[in-house]
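Engineer: If you use mature numbering (1 follows the signal peptide of the UniProt record, and there is no 0), the sequence shown corresponds to residues -26 to -1, 1 to 352, in order.
Worth double-checking, as some hints may not be accurate.
[Unchecked claim] So the derived label-pair ranges between C-beta atoms look like this:
(1) A216 / A166: 43 to 51 Å
(2) A166 / T125: 14 to 22 Å
(3) T125 / Q27: 17 to 25 Å
(4) F215 / A25: 31 to 39 Å
The set of hints was computed from the structure by calculation and includes no laboratory data. For clarity, every value in this text was computed on a predicted model and none was experimentally measured. Glycine included, C-beta positions come from ideal geometry on N, C-alpha and C.
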Amino acid sequence: MKMKHAARVRSWLVPLLALWAMDSNAEFALHLFGVVDAGVDVGRSGKGTTARQISGGDAGSRWGMDGTEDLGQGLSATFRLVSGFAADDGTLGQGGRLFGREAAVGLAKKEVGSLLLGRQPTPASLTNANVDAFYWMGGGGFIALTRSGATTQQVLPQVVTARVDNAIKYYSPEEWKAVAFTALFAPGERSAELGDVYGLSARYLDGPFDLNAAWGKQDSGTGASGAINSFIVGGSYDAGFAKFYAGFTDEKNACSTCTGTLARAGGVTGTSASEFRLANLGVRIPIGKFSAIAQVVRVNDHSNYKVDPGNRNATWIAIGGEYSFSRRTLVYGSLATIDNRNGSQYALGSGGVQRPANSVGPGNPRSTTATLGIKHVF
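Using the sequences and the accompanying hints, generate a full structural model.
Structural biologist: Spelled out as structure tokens, the structure:
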């Protein structure tokens, strides 16, 4: 009897679901995607050699979904949810947030653009990746660099932080083709630590040219003065036999209430600012399924320290490569090094996996990191 009842249910339920799916597909599209990235890096900064398994040496491991619903007359609803995780131990990324990489929903219209609300990437972080020949990979990517003292101190705090809560973000229409603009505002909601966030970016992508510029600002918390200001300009030119990169990134941090990743460099007090300027020249050379990468970055420290430590400028050199087995799977590797002087304590990690605090030994040793990993995209 139960079997006959189940058969009757299936006889009407299956066609109903099929009709619903056909109707849904006509109006709604859902896309599941992700990246799994794992590898090893070996580093040396004057305290012996350390080896570790890492996740995110090329791109942060993640899974996510996005979708759109056609509302008619060129208007659509859109959402995006992205959850970061560590492939080496399976834990959630971004401090344990469920959708720490992105969580946003909004409306889009072909002729006008799109407006999204939620946790979203900043224009400065996305623009910085476009001027970096390593695109953040290994020890050559911009986000690998820190100052490793009693705490881990960021050279580019806004670029590394990458995302903000409560963001209202506008994207220009895709129909503009070669030109794209983004604008972001995120109210600090009267936080004592972090104030409002602002961001703007512009990109010109046509033929061999990819030109980028961005500005970002993070205000101090309620009742405090000072802010973090970032400015990025640069891009690339694809000559066919090679793709050439050039960029300039400046972050000036006078945020007196910012902590953690957004904190000022050690030795900067009161209303003074830490400031780092990075100028880079890089190249990618395709050789069949392999791409060779090289980049030189000049790091200039313009911070206003309470006690002048002397010249802390440095040269950062990196070489690397990526080999694509398929459209979805590649292996990557890099070797990078940076010099230290006058207690600069520069340390190189791999991609978004930075060196821990107190990694640099006494005597201003050179920091060197080798990275090898695999990335699969689905």
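Engineer: Are the hints correct? Go through all of them and say.
Structural biologist: Checked hints:
no.: 1; hint: A216 / A166: 43 to 51 Å; verdict: 50 Å, holds
no.: 2; hint: A166 / T125: 14 to 22 Å; verdict: 20 Å, holds
no.: 3; hint: T125 / Q27: 17 to 25 Å; verdict: 24 Å, holds
no.: 4; hint: F215 / A25: 31 to 39 Å; verdict: 36 Å, holds
Checked against the numbered hints above, the structure breaks none of them.
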